[in-house]
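S.K.: Chain by chain, the residues run as shown.
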Amino acid sequence: MVTRKIEILVGLFLLSGLAAFLVLVFNVANVDVKTGQSQYTLYAKFSNIGGLKVRSPVKVGGVVVGRVKAITLDEQSLLPVVEMTIDTQYNQFPETSSLSILTSGLLGEQFLGLTPGFYDEDIAMLVDGDRIDDTHSALVLEDLIGQFLYSVKSKDD
Amino acid sequence: MTTSSQALITVQNLAFSRGNHVIYDDVSLSIPKGQVTAIMGPSGIGKTTLLKLIGGQLTPDAGQIHFDGVDVHQCSRSDLFKLRKRMSMLFQSGALFTDMNVFDNVAFALREHSGLPEQIIRTIVLMKLEAVGLRGAAQMMPNELSGGMQRRAALARAIALEPELVLYDEPFAGQDPISMGVLVKLIRELSDALNLTSVVVSHDVQEVLSIADYVYVLADKRVVAHGTPQALRLADNPQLQQFISGAPDGPVPFHFPAQDYRKEMLGELD
Amino acid sequence: MSLIDHIANLGRNAIALVAGFGRAGLMLWGAIARVPNLAKGTPLLIRQLYVVGVQSMVIILVSGLFIGMVLALQGYNILVGFGTEDSLGPMVALSLLRELGPVVTALLFAGRAGSALTAEIGLMKSTEQLSSLEMMAVDPLRQIIAPRFWAGVISLPLLALMFTAVGIYGGHLVGVEWKGIDSGSFWSILQSSVEWRQDIVNCLIKSTVFAVVVTWIALYRGYQVIPNPEGISKATTQTVVQSSLAVLALDFLLTAMMFGS
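Residue numbers (the working numbering), protein chains in the order written: chain A, 1 to 157; chain B, 1 to 270; chain C, 1 to 261.
Next up, chain A with everything else stripped away, as it sits in the complex:
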């Protein structure tokens, strides 16, 4: 009833289903198989995060070193706190490093730009759970336009 040919074709069918699944998981969703141990967590407080989202990349000079893991609001200061995970292979950032929210292109998505600070013997490296204090908030287009209009107006006067 079930010939060898049918068995082989059904086997191939199941395999191609599995292959499609793996392609979607690893090639399309780019799931990181690396476990949590190879990452460490940093925090940063901003006054305005603009359009930053969970999973937005953290870049150093354009190289993705980690991703935003969570965005919460600090209950006391009522300022947004961004939690990000950084790959352990990039663990040589001094405490003086600064973070800014940047936009790729005029209308593109927003990401975190990490600028490594200066380094000398007194200054330690950032480790798991540390907070970056030197942050620059997102540029909000409406605010910029408002400032521009204001300055134009004041010149006219």
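Misleading hints may appear alongside valid ones.
[As the list claims (entries may be wrong)] With a cut-off of at most 25 Å between alpha-carbon atoms, the simulated DSS-like pairs for lysine-lysine come out as follows: (1) LYS40(C) to LYS5(A); (2) LYS263(B) to LYS52(B); (3) LYS69(A) to LYS45(A); (4) LYS40(C) to LYS85(B); (5) LYS40(C) to LYS82(B); (6) LYS47(B) to LYS221(B); (7) LYS263(B) to LYS221(B); (8) LYS33(B) to LYS82(B).
The set of hints was computed from the structure by calculation and includes no laboratory data.
Since chain A is already given, all that's left is putting chains B and C on it; use the hints.
M.R.: Just chains B and C now, with coordinates in the frame of chain A:
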């Protein structure tokens, strides 16, 4: 009634209806072991329904059907399945499984129920196919067979598990004279050789009368006559004689019950 | 017709509908609730996987490729107007993963495999093969319905994954090879916007739900067929119409649950 032999199936006061249409009303009959019993009647009388009732596929509104002392409609599903392994049914259409060849069709019930090794199953299947003269067609698919061959293959499948009872649903309907003769001969020979109890439902009067040991005639929701073929031929029941001789009109009317013909044509009905 | 007649009609239809759901539920329950016999069931399942899955593969792969290509072409023409044609990747991938993959596959599956299942079972019923199984003390629900049900439930999600994967490569073909989007940015933007749980798991959940519904409707329509040629052709049409509507309605429901908030 042949009191000498024991009854394998007894039907008592059976009543069955489909929706508002009453098919049986108080039918009683008994089918003796090891004999060929025929159930005849005009088409549309529900003869196939009777077989399905015996096989437990339908449940009667009232009355009992006993198979070898067990009430078919009172036992559990697993007991019913046990009973069904002792009976088999030859359907009017043959009902061969269209996705298997003839060999696998005949082997199907054996593989499902017997637990025998494949080598022995092969031997049994070839023996059954030889008995119906289709050993050469073992590898053919059902749709490659003629109607008569399909019915013979189905017969081989029906006897594969060596049942005690075979129910034949219209085995002669739509067959040419030669395959009809072949089937008549097969049914008679098989029931004699295997000591089968056979129930043949049919309206092919002459064929049935030639092989049956005992005949029941159903009409008008009940048994109208029963007896041996000889007795029936001589009986003076006009309804029975009309059926046996095939007269177009008589006690069984040609017309389906309707309102007055003249009035309907003239539009005088309300 | 008086008002009472209309109310009685409504009541009768409602009762018939509920009874139909009940019968369909009982059929499925009877088919899959019992412990399967692996030795006998596996060959039956493999055969049905061949009929339901392998034989639907060509239509699914070809449709997936074309839909991905069309999506990319239309999307490119719109996105290029905003200068954001780099976002073509996520647009194609997300539309396929979230909607088109599960839905179009289910619709094609209903037309290709669902109607075939209904016709096959309807034919088995009208040629008394199902009765014949019953009389051989073999439960037709286990022998006929169960393997087909499982084959459908296994095949459709796999087919939806293949459809989506091929569709994304179709989008890549048009976007990168033809329209000249940079391959690196196509993939990297795509990868940063597709998420494993939100998109791929939901795609699988959707297509599994559709698989259950489409296969169930197809089997029930075949099992309940009025055993004559007219009944079979009507049941086949009903399978395609009802399962397509069910897929689209359920898709809205699932989308609202998954992406609504």
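S.K.: State for each hint whether it applies.
M.R.: Checked hints:
Restraint check: the Cα-Cα separation between LYS40(C) and LYS5(A) comes to about 19 Å, which is no more than 25 Å; the hinted pair holds. Restraint check for LYS263(B) and LYS52(B): not satisfied, since their Cα atoms lie roughly 41 Å apart, outside the 25 Å limit. A C-alpha spacing of about 14 Å is found between LYS69(A) and LYS45(A), which places the hinted pair at or below 25 Å, so the restraint holds. With a CA separation close to 18 Å, the supplied pair LYS40(C) and LYS85(B) stays within the 25 Å bound.
Distance restraint check for LYS40(C) and LYS82(B): the Cα-Cα separation of roughly 19 Å lies within the 25 Å cut-off, and the hinted pair is therefore satisfied. For the given pair, LYS47(B) sits about 10 Å from LYS221(B) by alpha-carbon distance, which is consistent with the 25 Å threshold. Distance check on the hinted pair: LYS263(B) and LYS221(B) sit about 30 Å apart at the alpha-carbon level, beyond 25 Å; violated. At most 25 Å may separate the alpha-carbon atoms for a hinted pair to count; LYS33(B) and LYS82(B) meet this at roughly 19 Å.
Of the hints listed earlier, those the structure fails to meet are numbers 2 and 7, in rising order.
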